[in-house]
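Undergrad: So the chains spell out like this:
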Amino acid sequence: MATVSKQQIGSVLAKQGILIAFAVFIVAFTFANSKFLTVDNVFSVVRSSAILGVMALGVTFVVISGNLDLSVGSMMSFSTIVVLDLHDKIGPFLAIPAMFAMTLALGALIGFLVGYLKLNSLIVTLGMLSAIHGLTLTYSGGKNMDIADKEGTWFSVFGQGSALGIPVPILIFLLLAAFLGLVLSKTPFGRKVYAVGGNGTAATFSGIRRARTVFFCYIISSACVATAGLIQASRSLGSQNTVGQGLELEVLAAVILGGASLMGGSGTIFKTVIGVLILGFIQNGLLLLGLQFYVQFVVTWIIIILAVWLDIAAKRGKLMSPIA
Amino acid sequence: MQPGALSKALKSGAIWGFIVLELIFFSVAGSYMSLSDTAFMDWENMLLLLKQSAPIGIIAMGMTIVMVNGNIDLSVGATYAIAAIVLLDSMTWPIFAGLGDWVIPVAWLLALTVGTALGALNGLIVWKTGVDAFIVTLGSMLGYRGIVFMFNGENPTSHLNWTLVDLAEAEFLGLATASWFLLAVTGVVWFLMTRTVHGRNAYAIGDNRDAAVNAGIRVGPHMMINFAIIGFLAALSAVVFYSESGSVNPNDGQLYELWVITAVVLGGTKITGGAGSVIGTFGGVIAIQLLRKGLGHIGADTSTVNLVIGLILIAVLFLDRQLNVKGKEELKV
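In order, the protein sequence lines correspond to chains A and B. Sequential numbering from 1 applies to the first sequence in full-length UniProt numbering. Sequential numbering from 1 applies to the second sequence in full-length UniProt numbering.
Take these hints with a grain of salt, some might be off.
Here are the simulated distance ranges between beta carbons [as the list claims (entries may be wrong)]: (1) B:Pro221 <-> A:Phe112: 49 to 57 angstroms; (2) B:Asn251 <-> A:Thr138: 21 to 29 angstroms; (3) B:Asn251 <-> A:Ser162: 30 to 38 angstroms; (4) A:Val39 <-> B:Asn208: 40 to 48 angstroms; (5) A:Ala202 <-> B:Ile225: 33 to 41 angstroms; (6) B:Leu311 <-> A:Thr201: 24 to 32 angstroms.
Because the hints were derived from the structure by calculation, they are not lab data. Backbone N, C-alpha and C define an ideal beta-carbon position, used for all residues, glycine too.
Please work from the sequences and hints to get the whole structure.
TA: The following block contains the structure:
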C-alpha cells in the first residue's frame, strides 16, 4: 500500500512550494480584483518585469555555480549609458555590438577574479559595484544621457515595439529564458555548473575545469545584463547614471524566491522565471488592491524569508532550526 | 622567526601602512594639484575627517562583531534611516509636548530602542529559522526601507531642535561630539571583543560553529545579541548624525552597508568569520574617509572615488589571499 508519509508531503511541498504559492496567490488576487487576470494587465506586468527578469536569468547561473553577483545593477547602468551615448556617435548598428563587447569585458574581468584567482565573489562584485558605478560616471561626466532624435530611430524597437501582438521585451525575456533553460538543463556545460556549485572539490577531481566554468557563468551573466541594458535604453531613449542602482538585490531576491540556494548547486531557470513573475505580480496586485506602492517591499521581505525558511524546513524535516 | 609571523605582522600593520601612504600621497599630490591653499595634513582638516568618519565608523564597529561571528548584516542602512525618522518625528509628538528639552533624551532612547529591536528581529529570524543571515538581512533591507517610505512617502522628515543642534555641534577638548562617540564606541567594542567571554565566544562561533556548539556555547542567543548590538549602533549612528542635521530623506543610508562592509574588510576582518579586529576596522574606516577626502582635495570627483575604492577592495582581497596562502605553505613545511 502506498501510504503518503509526512516526509513525502514535506518533500513535495519543498520541491513545488513556490509553484503552489504562486497559484494560490494568483487565485486570491483574481478574486480580490477582476482586473488582475486580464491580458492587458498580465502583459504590462511581464513587460515591466522583463528587465529584472533578463538579469535574473544570468545571475541564476552564477548562483548555481556557488557564487554571487552584486555588480549587475551598476553594470546595467553602464550598458544603458554606453549604448545611448554610442547611438548618436556611431549609429545603432555599431553601438549595440560595441556596448555588448564592453559589458562582456567587465564580466570577463569579474569571471577572471572569481574563477581563476578564486577570490571571494561577494567582495569582488561588491568592489565592482562601486568601481563600475565610478566608471559610468566618468564615462558620462555625471550627466544624463539622451538620444538626440527620439522619433527617427528604429532603436526603440527593443523596448517599445511588439511582434505578433507580443511586446518585444517579453519576447526577448521568454526566448532568452528558453535558450538558457536548455543550456542549463540539457548541455554538458549546464551539468558542470551544477557540479561546480554542488561540490567544487568533487567536480575538480572528476576532471571539470572549475575556474573555466565559473568564468563562463559570469560571461553569461554580463551578456544578460547587456541585454537588459539594451531594453532599458531602448524603452526610455534616455537615462540617468543610476538607472540600475539597487537592482542587484531585487534580482537576487527573485533568484532566491525561485528556490536557488546561495550555497550553490540548486535552482533552475524555470523557477527563476517564476520568482521574477511573483515579484512582478505582487507589486501589481498590491497596487490594484489600492495599497501604497511601498507596501510591496515589506511584503517581499516576508515572502522571501518564508519561502527560504519553508524550503530549508522541508529539507531538514523540522520547522525550527536546530541551533541551540 | 616563527613561520607565518611575517605575514601576520604584515597583515595587522598593512592598513596603517596604507593610511601613511595615503597621507604622504595626498600631501605631495595636493601641493601640486589642489586648488585650496591649506595643506592636506592640516590639523583642522584631520579633525574634520575624524568627525566625518563617525556615521560609517560607528556602524562598522557593529559589523565587525557580526562578521567575526560568521554573519553579515545588509539592513544597517535601512535601520539607520528608520532610527533617524523616529528620532526627529518623536520630538514633535503631542504626548511629549510638556517635556520641554527633556524630549531629547526620550527621543534618543526611542530611536535607540527601535534600532536595537530591528537588529534583534534579524537575529531572532536567523536563529529560529536557520536561514542564512545574508538572505534574512537582504530581505529586511527591502522591508525596513519599505517602512521608511511608508512613513512619509518621498518627502523628507524634518525637525530642528536648537538645543540638540548645539549639543551635537559642541566640542570637548577639541573634538566634536560625533568624534567622541566614534572613539567611545570603538573603545567599548574593543573591550567587548578582546576582554570579555562574549567576545571570545563570537570568535569561536565564527571560526567553527560546530566546535562552538560542542564546547557548550549557546550559538543562537549569542548571534541574536550581536544583531541587536549592530541595530543599536546603526541607530546610535543616526542619532549622532541627525541631531545635527535635523532632516532625513527616505533614501538616506542607502549603500551604507556597502561602505561599512568595505571598511571592515579593508580592516582585515574575514568574510567567513572567526578573524578580525576592532582596531583594524577603525583603520579601515579612516583609510576610506582619507581616500574620499584626499581625492576630493586633489580635485577628483565622486566617480573616481567610487572607482578607486572598488579597485582597492579587490586588490586588498587579492593581497590578503596571497599572504594567507604563503602562511599556510610555510606551516606545512
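Undergrad: With respect to the beta-carbon atoms only, verify the hint that B:Asn251 and A:Ser162 lie 30 to 38 angstroms apart.
TA: Distance hint for B:Asn251, A:Ser162 holds at roughly 35 angstroms.
Undergrad: Taking the Cβ atom of B:Leu311 and the Cβ atom of A:Thr201, is their distance within the range 24 to 32 angstroms?
TA: holds (31 angstroms)
Undergrad: Is the distance from the Cβ of B:Pro221 to the Cβ of A:Phe112 consistent with 49 to 57 angstroms?
TA: violated (42 angstroms)
Undergrad: Is 33 to 41 angstroms right for how far apart the beta carbons of A:Ala202 and B:Ile225 are?
TA: holds (37 angstroms)
Undergrad: Evaluate the given range 40 to 48 angstroms for the C-beta pair formed by A:Val39 and B:Asn208.
TA: violated (56 angstroms)
Undergrad: Is 21 to 29 angstroms respected by the C-beta to C-beta distance linking B:Asn251 and A:Thr138?
TA: holds (23 angstroms)
Checked against the numbered hints listed earlier, the structure breaks hints 1 and 4; every other hint is satisfied.
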